[in-house]
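Peer 1: With the hints as a guide, bring the two chains together.
One letter stands for each residue in the lines below.
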Amino acid sequence: MSFSKLTRRGLIKTSAVAGAGLALPTYLRADAHAGYTNAPTGDTVTLGFNVPQTGSYAEEGLDELRAQELAVQHLNGEGDGGMLNTFSSKALKGNGILGKKVTFVTGDTQTKSDAARASAQSMIQKDGAIMINGGSSSGVAVAVQGLCQDSGIIFMAGLTHSNDTTGKDRKRNGFRHFFNAYMSAAALAPVLKNAYGSERRAYHLTADYTWGWTQQESIAAATEAVGWETVNNVLTPLQATDFSAYLAPIQNSGADVLVLNEYGGDMVNSLTQAVQFGLLDKEVNGKKFEIVVPLYSELMAAGAGPNVQGVIGSMNWNWQLQDEGSKAFTKSFGEKYGRPPSNSAHTCYVQTLLYADACERAGTFNPCGVVEALEGFEFDGMGNGPVLYRADDHQCFKDVLVMKGTENPSNEYDTLEIVEVTPRAQVEYDPDHPMFAGGDLGECNPGA
Amino acid sequence: MFGTAKRDTALLIIVAILTLFAPFLLNPFPAGSAMAQFNAGYPDLMQRFVIFGIFAIGFNILFGLTGYLSFGHAAFLGLGSYAVVWMYKLLDYNVIWGLPLAILVSGVFALMIGFISLRRSGIYFSILTLAFAQMMFAISYSDLLGRFFGTTITNGETGLQVYTSDPQILIDSWERVPHLLGLVEMRSTYTLNLGNWSFDFNAGYYFCAVIMILAFYLAIRIFRSPFGMMLRAVKSNQQRMNYTGLNTRPYALAAFVISGMYAGLAGGLMAAMDPLAGAERMQWTASGEVVLMTILGGAGTLIGPVLGAGFIKYFENIFSKINDNVLHSWFAFLPDGIEDFLVVIVHPFVGKGWNLTLGLMFMIVVIFLPGGLVEGGQRIARLFRGKPAKNDAPDGSKTPAE
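Line by line, the protein sequences give chains A and B. For the first sequence, position 128 (counting from the first letter as 1) is numbered 128 according to the numbering used here, and the numbering increases by one without interruption. For the second sequence, position 374 (counting from the first letter as 1) is numbered 374 according to the numbering used here, and the numbering increases by one without interruption.
The following block holds chain B by itself, in its conformation from the complex (with noise of 0.2 Å):
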């Protein structure tokens, strides 16, 4: 079906699924209990969970396929969010301008940093990628351009807003908040009330759904021709290949726009969610962010990326939240030695200690689990299954699995 293989179809629906039934999946505890806490079912995280799926799978395109580690790809997602927030400017509310734009844009500048910096391999790629994306923070940050022709282009590190005093000349009354063809407005919500359990069902989310699917099909696509077949050669061995007379170069520079373009997407759907653009989505940590979502989740592979997202936002966003006083009524029933003893114990790896749990997370996975989190999956797939996994896969030494 759709032109994949049995297996991809499988994992395509699977992957549906999930998303659409995402306010279910995320919202496992009742709304006010204590453990509602780690519910992640509220229309912003997931739309981040979605959106960062995205980004991390055009990534993998690049660094899963052909190996090329680009440590500047945040430098597209945050040209992505300034086309998007520009056309909210200059035309109307209405994401369906903004959005081919952000992956326009971000192609083009795509192709222009991958000219130059993929007459490089290895650590010098990655940090020639890197000083593009620091370059492009620094003179968004600073407004450079803006400066140099006397106006506002990116607003500076406050981030690109829209002002009633731009010209939106589309705009009609009503507009105030992005939407979609003016049928339905990005943050419009309906809340399904189950007994104690409450489920959060937002346009927005379901806009993104749809479109990391249609990316997600994309990128098996990709993954399973001829060309992608082309960029695992790269990976495994770029100077043979050159040595038999193929040029690589064609073949990774379209890789890396096509991941460019996918982070271009991901920008636009950021500021498509809220309008606005923010300098700091160009910074470094933010390309080092995908470069660990991919990893922790396992590069190469299909599922991986985006279940890599999904893990750091949901650290990013649920266990920053948890200080001492939510610690206090967890263990309220302890006696009150115990007690505290407890939220002392638990206290450095919640709230502002955040980085710390996701990063011991991730060198218990990097160390253990060297596949990501997809190896864990698969682990467990065989000790229930009880066999081999190569008679499941019969490919699996030659194709990445999934």
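Same shape as in the complex, but just chain A (with noise of 0.2 Å):
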């Protein structure tokens, strides 16, 4: 080898290296430039999308990339320019954002707090993303915004149902376009109501993790409220596939409606073995047993097949909504990939022409002004009626879709029909309600 003659001057000269080597950090502090964290310099801004590509949410967080992609296009002025036509606000006029053009860059997050702050953080230091976009949990979610507000740069995040992303784990720099937990519930609620009565004894079943505890402490309250009766409340463990030893005691329960707190591949075991459970053929109490499922999507709706059925539940956006921006999207959504979006493809390519609008307004790409432009913002045009972003905690007020499963589905596609779309007035809250308590947005983060 060639170091078995180590020298005196050798190994003097050696440690000098190293000594300077452990030296050099003590007198380095951050990057100072004026201005903020990955301030695009050259003709394009690079933006990052963080989704699932591998794992049990890989299916939405694909779909989500494919919406990304197309709004990337539509921002640099390619193919029909989708919702770009039908958006309220008209600052963008297809040449890129503030005249620079649109690239991105990609990363997998695993569903996984971990790897997605992993490649968060390859996005903002190698790649120079100046805001993330995507994801689909809200653990990931959370994680990732701050990470976002540390770094300085924008989150803007993308399938993410829990109450906590905007309530106690709310962030500056972070903004939630999808709907949460207290709003499925305060639409189901009325729906509920009307569809099964008001004298209902419900049982629980909810996958034990913060998602599910804050969905299920949702719905409850908003089931009691209309008059339900809530029997009993079980958590399942995450990723069970045999759910029978939870589905059996409902039968001896005296509940006479299911509510399946669970997503994913929960709640596509969960819902399958309870129908062929035959509950939905009970009758108990003198009614027809029933089950709901509060956070539906059109994926887990079609791994469930023809069990959802009659099985309602809600969404924060539809492809079959009627309205002009929903319409635009969809035709070139389909006109791209074949295949109608699912509502986190919505939310993310929404998500992303918010974001771009918000540079055009502010002038700037620097987090601090685009905060400023999207607080309180109000707009039309992307689906679901007129949306505003509170500025009180980054949440987007929006109509929320109560949906349930087609009885008679024409093709592969046609799985959920719209029952209801709840009003916007009726799904609001107070920044400061219990649920949602304990937040602090702090102040924005342009970072370096």
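Hint data in this document are derived by calculation from the structure and do not stem from the laboratory. Hints should not be assumed to be uniformly reliable.
Chain B is faced by these chain A residues, among others (derived, beta-carbon under 8 Å) [claimed, not checked]:
#1 54
#2 119
#3 277
Quick caveat, the model's predicted, so the values are computed rather than measured. Heads up, the beta-carbon is just placed ideally off N, CA and C, and yes, glycines get one too.
Peer 2: Right, here's the structure in full:
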């Protein structure tokens, strides 16, 4: 080996170099250029799309990626422009953002907070991304939102439904377009009352993690307000494949409604097994037994197949909406990919456009300018009617859809039908509502 | 020097030089060029390289020396992270409080888990450790402990974060992010621009790198000590040791605790770089990852696990980010038909297919280089030197070479 003859001089030299290396960081502070993190210098601006590409939410993530790619095309003036034509703000001209061509980088969150932060970090530190968008889990959204706050860039959340994202974990640099558990519950309760009456006894199966708890808390409070009784709430472990042990006690509990606060594979499995158990064919207390799934998604409905028929749930957006914005988006998405967009795709698409529009209106990419432009911003033409980005907690307020599994699907994408569009006023709440309390937006952070 | 043999000293110095110059070595391509995609010299990934290096070095002390295959080492990684973040929440952002606690807590848990699991060996040991780790994962993922006591301990799947409402009794007004004794912030980075090249020197990375070099030195000492020899004896034939009247369990337990403490240190450093502790760190996939790292690099060798850790983290972070747009830009010089064809061919192996590429690499290494990447390095070195290895390492048959 070349080092076998280590001389005294060699050793001193090596230690000097090593010592210099060790001492170096002491003299280094964060790069002190004026302005903000990753200020775009050339004629392009880079957006970071951080979605689950592997793991249980990979399907949703890939659909988000499709929508984000479409949004970039529309921002750069390619394709038919999609929702840019229907969006109430006309600041975007199809020449990129602030005259800079939009490029993007992608990463895999793996639906794990750690991996999501690692891939967001690499976008920020290596690729110079000015904003992070996407994701399909509240845990990931909260984790990445915290990172973006610390790094001084904007986070436009994708699919995240937990109250905490804009509740106790709200951040000044983070924005959520998607609705939340409270809004789901507020929209569902009146519809459930009309459909199933006010004398119902509900049994809850809840996925045992943060989202499940906030979802259960919200729906229990809302249904109790219309006269329902909550018989029991049983927490189920994540990624359980066999729910029979949790389903069997329901039949002797005297409950006549089952609320499944589950998502993803858990929802597909629990619903499928509940239907196989024959719960839907039973009559309890002289009433037909019913199942409620508070949060629906097209991809889960497709996974559960015919079992979703007649089951009520809520959604942020659906491609069957007939307003101009939804039609334009569904059309350009369908032309490009040959399938209708999911509601997570819609959220990511809209978030990308909203970010671009905010930069355009603020006249800068500086996160503080963008935050100012987005806070209290009212817009229309992006589906869901008139929408408000509330300044107090960075939550979007808009109409919520109550959905039902289609009884006679006409094609493979026709799995859910719209029962009711609950108006925005009915799902609004106070920013200091107990389910959202304890959060602090903090100051906007422009970074370095 | 340092009480190590010449070969080990040389190895230690090589590792030290490689880690200290990593910002240069990992950024070989000019920023903005097409190949910049393969640069790995940004702070977050460099930190991960050395942190998982520490994790794998520690794991190797157990698996490489005693042959006990633990499938639950990620539990200690998570414990270390929680310990550090709790110190942020209770005291302040100085990492100096949390790291010793991370080592201590994971050591205590390793003692308890090891005491029970080491009653069995082979596959039963692996399954016991896996069971313990999954229990701890489930507890932290749903914050069962926190709910039992009516408070927040792990904050469930969201991960433990620091809030402004936390006590933080030692906090100063300037503290926003983790720092070392107020001297330097972990995230502060100096970017050196040389022509088209750009190199990031990150304080947190150097902090971790120095700790990794110390951890590596400690591992060398353990490998070469009589204690290390004892552990190797456990691996080669535990029964015979028992028959000669030696009680091997304390040795195995000590190795288990040491490697648990290494894992706790690694977890603590993760939280020291990035003030968040997530339950996924404890999941069995994370435990499996460190097994892969060790085997890929070369179990039982000193440098192998560090190489394996770097290899896997590189794939996870670099290959997963190559999307179709990037592919098109690579092959843009080709005629359209060939370009599209090549993109279609390469597409399954990058982006969301990074796991597939990693799996194939792992298969190739395990089939053709059973000794891991280290064996590959040795074969290449032998080719150049043109003589058999045993002249080079007289005791190669007894001590696994590095």
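Peer 1: With 8 Å as the cut and Cβ atoms as the points, is residue 119(A) at the interface with chain B?
Peer 2: holds (7 Å)
Peer 1: So, as I understand it, the hint says residue 277(A) touches chain B; can you test that by seeing if any CB pair is closer than 8 Å?
Peer 2: violated (25 Å)
Peer 1: Return the status of the interface hint for residue 54(A): holds when the least beta-carbon distance to chain B is below 8 Å, violated otherwise.
Peer 2: holds (6 Å)
Taken one by one, the earlier hints fail for this structure only at number 3.
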